[in-house]
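These protein sequence lines map, in sequence, to chains A and B. If you're matching positions, the first sequence starts at 689 in my numbering and goes up one per residue. If you're matching positions, the second sequence starts at 19 in my numbering and goes up one per residue.
Hints in this document: simulated from the structure, not taken from any laboratory. Among the clues, some could well be false.
Here are the simulated lysine-lysine pairs, DSSO-like style, with alpha carbons at most 30 Å apart [unchecked claim]:
#, chain 1, residue 1, chain 2, residue 2
1, A, Lys-844, B, Lys-21
2, B, Lys-81, A, Lys-844
3, A, Lys-761, B, Lys-34
4, A, Lys-801, B, Lys-35
5, B, Lys-21, B, Lys-81
6, B, Lys-74, B, Lys-21
7, A, Lys-690, A, Lys-768
8, B, Lys-65, B, Lys-52
9, B, Lys-35, B, Lys-21
10, A, Lys-854, B, Lys-38
11, A, Lys-843, B, Lys-52
12, A, Lys-761, A, Lys-844
13, A, Lys-838, A, Lys-859
14, A, Lys-838, B, Lys-74
15, A, Lys-838, A, Lys-690
16, A, Lys-854, B, Lys-81
17, A, Lys-816, A, Lys-801
18, A, Lys-843, B, Lys-35
19, B, Lys-21, A, Lys-838
20, A, Lys-801, B, Lys-38
21, B, Lys-65, A, Lys-801
22, B, Lys-35, A, Lys-844
23, A, Lys-838, B, Lys-81
24, A, Lys-801, B, Lys-34
25, B, Lys-38, B, Lys-21
26, A, Lys-816, A, Lys-844
27, A, Lys-838, B, Lys-65
28, A, Lys-761, B, Lys-65
29, B, Lys-34, A, Lys-843
30, B, Lys-52, A, Lys-844
31, A, Lys-854, B, Lys-52
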Amino acid sequence: MKLAVIQYPGSNCDYDVIHVLRNLVGIETELVWHRNFNQSEFDAAILPGGFSYGDYLRAGAIAAHSPSLNEVKEMSQEGKVVLGICNGFQILVEAGVLPGALLRNDCLRFVCKWVNLRVCSSRTSATKLIPEGGLLHIPIAHSEGRYVNKNNDLKKLYENDQIVFKYVNEKGEEINSNPNGSLDNIAGICNLDGNIVGLMPHPERASEPSINPYGSDDGLLVFESMLNYINH
Amino acid sequence: MTKACDYVVEVIIENKKLAKDPEGETIYRELVNKSGYDQIQSVRSGKYLRFIVNTKTSKDAKKLVQDLCNDLRIYNPVVHSLQVTARGNSQ
Chain A
689 MKLAVIQYPG SNCDYDVIHV LRNLVGIETE LVWHRNFNQS EFDAAILPGG
739 FSYGDYLRAG AIAAHSPSLN EVKEMSQEGK VVLGICNGFQ ILVEAGVLPG
789 ALLRNDCLRF VCKWVNLRVC SSRTSATKLI PEGGLLHIPI AHSEGRYVNK
839 NNDLKKLYEN DQIVFKYVNE KGEEINSNPN GSLDNIAGIC NLDGNIVGLM
889 PHPERASEPS INPYGSDDGL LVFESMLNYI NH
Chain B
19 MTKACDYVVE VIIENKKLAK DPEGETIYRE LVNKSGYDQI QSVRSGKYLR
69 FIVNTKTSKD AKKLVQDLCN DLRIYNPVVH SLQVTARGNS Q
């Protein structure tokens, strides 16, 4: 099994993800420049966080035209696993792989803090090992993470079980827990089949207890879920 | 035969109502309104792009930029509205 971490100009969480996958999860992982990415060589791909193309125009809007997104669209059709983290999620949305839009936080500030997430669906490649209702303690760090969609399309997301993560308080309630003004507290969504997932929080920053302030390894469950999903 | 010349095509991208406009609302509420400009009713923020386009008519220039905005997803139609205007030597 081999995973690709796709590097765009401005990616800055690529090596963090590679460290987690290689050294904590134990999967062969390759860093691939976005123009050289050939999906047939890999079982899964991760689009890491960062500021691709300086977030010019809109976060993810320019990277969305990279040839790597054609490969990702093929992966979507073939049922292969793709995870977009933060800027990676923004790229997937801008490329139309995932629906909706990620706009500037309603507080108009870059928000960098630890949040609680509730897992709303366990069928996806990023949540297969986490029961529905399970809570994860994971940090966010973004300026443009406010998820927006039309009412009809939001309804479809619920009907099709495409809402994967929501921002909640410590009790798991959607009260005083929305860090960016996201519609219905949405932190992450998936495609119809559940093989492609995008989320704003950074699971790779909550994977190794000794190097984070809360000793959390909740993020590791996301990567282990990917492995489990691919193997079954 | 009409000769091609340069036109200025301006593009304004604004958030649709469903996407709100926290920047425009904050400028209005915290700066304009608090400074006593009572006649100002609202402020909208957006993104502005200016293209110099070489075509035969301003209509062609506008159409080219409109198509480009759709093709390259210069705006996200789910949450943004687009205004395109062309000026220069009108034919």
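Right, here's what the structure says about each hint:
no.: 1; hint: A:Lys-844 x B:Lys-21; verdict: violated (51 Å)
no.: 2; hint: B:Lys-81 x A:Lys-844; verdict: violated (34 Å)
no.: 3; hint: A:Lys-761 x B:Lys-34; verdict: holds (28 Å)
no.: 4; hint: A:Lys-801 x B:Lys-35; verdict: holds (29 Å)
no.: 5; hint: B:Lys-21 x B:Lys-81; verdict: holds (18 Å)
no.: 6; hint: B:Lys-74 x B:Lys-21; verdict: holds (6 Å)
no.: 7; hint: A:Lys-690 x A:Lys-768; verdict: holds (12 Å)
no.: 8; hint: B:Lys-65 x B:Lys-52; verdict: holds (24 Å)
no.: 9; hint: B:Lys-35 x B:Lys-21; verdict: violated (42 Å)
no.: 10; hint: A:Lys-854 x B:Lys-38; verdict: holds (21 Å)
no.: 11; hint: A:Lys-843 x B:Lys-52; verdict: violated (39 Å)
no.: 12; hint: A:Lys-761 x A:Lys-844; verdict: holds (21 Å)
no.: 13; hint: A:Lys-838 x A:Lys-859; verdict: holds (29 Å)
no.: 14; hint: A:Lys-838 x B:Lys-74; verdict: violated (39 Å)
no.: 15; hint: A:Lys-838 x A:Lys-690; verdict: violated (37 Å)
no.: 16; hint: A:Lys-854 x B:Lys-81; verdict: violated (41 Å)
no.: 17; hint: A:Lys-816 x A:Lys-801; verdict: holds (25 Å)
no.: 18; hint: A:Lys-843 x B:Lys-35; verdict: holds (18 Å)
no.: 19; hint: B:Lys-21 x A:Lys-838; verdict: violated (45 Å)
no.: 20; hint: A:Lys-801 x B:Lys-38; verdict: holds (24 Å)
no.: 21; hint: B:Lys-65 x A:Lys-801; verdict: holds (28 Å)
no.: 22; hint: B:Lys-35 x A:Lys-844; verdict: holds (20 Å)
no.: 23; hint: A:Lys-838 x B:Lys-81; verdict: holds (27 Å)
no.: 24; hint: A:Lys-801 x B:Lys-34; verdict: holds (29 Å)
no.: 25; hint: B:Lys-38 x B:Lys-21; verdict: violated (44 Å)
no.: 26; hint: A:Lys-816 x A:Lys-844; verdict: holds (22 Å)
no.: 27; hint: A:Lys-838 x B:Lys-65; verdict: holds (21 Å)
no.: 28; hint: A:Lys-761 x B:Lys-65; verdict: holds (29 Å)
no.: 29; hint: B:Lys-34 x A:Lys-843; verdict: holds (19 Å)
no.: 30; hint: B:Lys-52 x A:Lys-844; verdict: violated (42 Å)
no.: 31; hint: A:Lys-854 x B:Lys-52; verdict: violated (36 Å)
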